[in-house]
Amino acid sequence: MKFFGLVDGSDSSLRKFLASLPAVDQVGADSRAAMLATRSIKASSKRWAIDTAIRMVDLTTLEGADTRGKVEALCTKAVRPDPTNPDVPSVGAVCVYNDMVGIARTHLDLIGGQHVGVAAVSTAFPSGRASMSVKIQDTQDAIDAGASEIDMVIDRGAFLSGNYIDVFNEIVAIREICGDKAHLKVIFETGELVTYDNVRKASFLAMAAGAHFIKTSTGKVAPAATAPVVLVMLEAVRDFYAMTQVRIGVKPAGGIRTTKDAIKQLVLVNETAGPDWLTPSLFRIGASALLNDLLMQRMKMDDGYYASPQYVTID
Amino acid sequence: MSFEYAPAPESRTVVSIKAKYGHFIGGKFVAGNKHFPTINPATEEVLSQIALAGKAEVDAAVKAARKAYTTTWSKMSGRERGKYLFRIARIMQERSREFAVLETLDNGKPIRESRDTDIPLAAAHFFYHAGWADKLEYAGLGTVTKAHGVAGQIIPWNFPLLMLAWKVAPALAAGNTVVLKPAESTSLTALLFAEVCQQAELPAGVVNIVTGDGSTGALIVNHPGIDKIAFTGSTEVGKLIARAVAPTSKSVTLELGGKAANIVFEDAAIDEAVEGIVNGIFFNQGHVCCAGSRLLLQENIAEEVLEKLKVRMAKIRVGDPMDKNTDLGAINSKEQLNKITELTATGDSEGAQRWSAPCELPGKGFWFAPTIFIGVTQTHRIAREEIFGPVLSVLTFRTPQEAIDKANNTPFGLSAGIWSDKGSKILWASSQLRAGVIWANTFNKFDPTSPFGGYKESGWGREGGRHGLSAYLKGASHE
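Those protein sequences? They're chains A and B, same order as listed.
Under our numbering, think of the first position of the first sequence as 1, with each following residue one higher.
Under our numbering, think of the first position of the second sequence as 316, with each following residue one higher.
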């Protein structure tokens, strides 16, 4: 059924659907997220969480200064995060700009990283300010170059001015281009949507439009993946599953730098959407610095002491 | 593979529990005569032997309190009294981990709650009242107020140290001296508090702590040397106390039972309301006089809310209270567990549908799984009587007025909760509800600045804030 039978693609049906969503109480959401942050994850559960988090990382470089050398180094690290320890799993994917997709895919394949995906940020990332034809071309180029995941940004201007149908139609159009070649992650830039009510609305809008994943942020705007924002999105995918029997993934990105941060995210997943979501196919963490902290903590659990930072590679 | 949280137990090495305790009278620990055991309700391990105060001990405590009042405390300036209270508050913060561990061992509540709620709030009450000690004339209670003298205070087992703080802090700030009796099953943190009084060099006799059971409480209530009685506990005992003090000149404040309505309107933020329902009834195992034990759901959202509530309840982590990840700890005593079991059995026999969260209960100790009863009506016993356990009665309503009528249709009136995204509805409902504390879009939030107390059979007087202070001052203008 088109759009899961939730909307028929018209402006009025979309408005009605979004208006039917219950409100989010900010104080309550903040306090639930704060309570879950007090969970104490130790020993075997910490070990499991670290390895799971590594497998969920979308190892990211999104800089104007990105070069072939930088991207290839990132890919090498993505496949074997710790060159001295083959037990450390590969990350979920690398995340790069559109023009770096080919370089990343070729290099990953060359070094035995066929299982590591390439995610391309798309639709005039990070601002989303371009014409539809440019956004479509942007996405098409990335898929042609071998991207298996598309991280598109929504038009926040359209969303904030209430033109939900424009946002919806853009997602539908990009999803069509992705077809079965690429997974679509829809970035809200929650730091610009600001309210949790908006986050919930954007989540349901994107899911009804066909997103495979909903993603908090570009990493270019703060605040990014705060715990309560991720909580609201996890509640949304949980409720969407109850409505449609379809599981949508969640990707927090931006501001998750330490193992502690990552474990807090996994606790949020475990106690909100549930353990079914604790897999890289349904939860990813967009990050760059995080991976090294996970590796440091992993070494500490093995060795019983903190290694010098020189024991983890810088890129 | 799944995300099982490995045990994360708090260490108990931080506390040293004596094999036997006496009473704290006139600034010294004095040996008791008879003793009874206090146990850890999560394991049934005997923690220590607590002294049972009889007439001689209560007389000595009252005498010490009177002497401290006449010779020292009543002559001291408010500013000096305040210094002692500040000092006590700071020591409580410094020793907070010790207090939290001891509270959890003796009471059965999760360490997360004793660490994050009970102990910080107890210290906050001392800080707050320390600030009042030299400003009593400016509290808006009149300029000729005066301390009562000796206050007799009897507190319950659900928040042992916090209830002590609610009682002792305002009493001392207003210039009274006290004789306090902790509940028989939870005396340990009160006895640790006695150590804190010594550490703070509080003048001898200002705080006296006698331990014991109901018979000790009766000796305090009926003691002619006591000027004011403050009690927190059951409505049944509250009525006995009211009768006992009626022919005397004693002042009295009572904080008694409740059967609070937690009203969820159709326009509520559902996920946060579900959190609030859980917090309202399962906080502290439901051993909370202001617990939101009657859930009133608007009928058109009842199914959705109950669905989500069950999912959420299945996530409640029941077990070892010392584990930092535990959400629901042990029932405080065998007697209480029996009471909960008996009352819930009437829920079954009167036709309500019981649903309990699927969870494994430990073999030893006293446990009750988080439970809801669906299809409860006003005429069910479980909608009328205080269960004081992790048991929620779910009722429905059709219109806002019906919600108010049902909420008020109880002899109690301690607290109530309103869940709605509409500000006007919240204001309207809160003006209609006959309850001393009303929470909107939250539940079980406490603060020393906010007066707490009940309507009807939920009590007399207020604790906390200026209103609470007035209960410890004679001639307060709005006492």
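Since the hints were derived computationally from the structure, they do not count as laboratory data.
Hints are supplied without guarantee of correctness; some may be wrong.
Simulated crosslink set (PhoX-like; lysine-lysine; CA at most 20 Å straight-line) [to be verified]: (1) B/789 to A/42; (2) B/639 to A/46; (3) A/260 to B/554; (4) A/42 to B/630.
query: In ascending order, which of the hints set out earlier in this document are inconsistent with the structure?
result: When the structure is compared with the hints, numbers 1 and 3 turn out to be violated.
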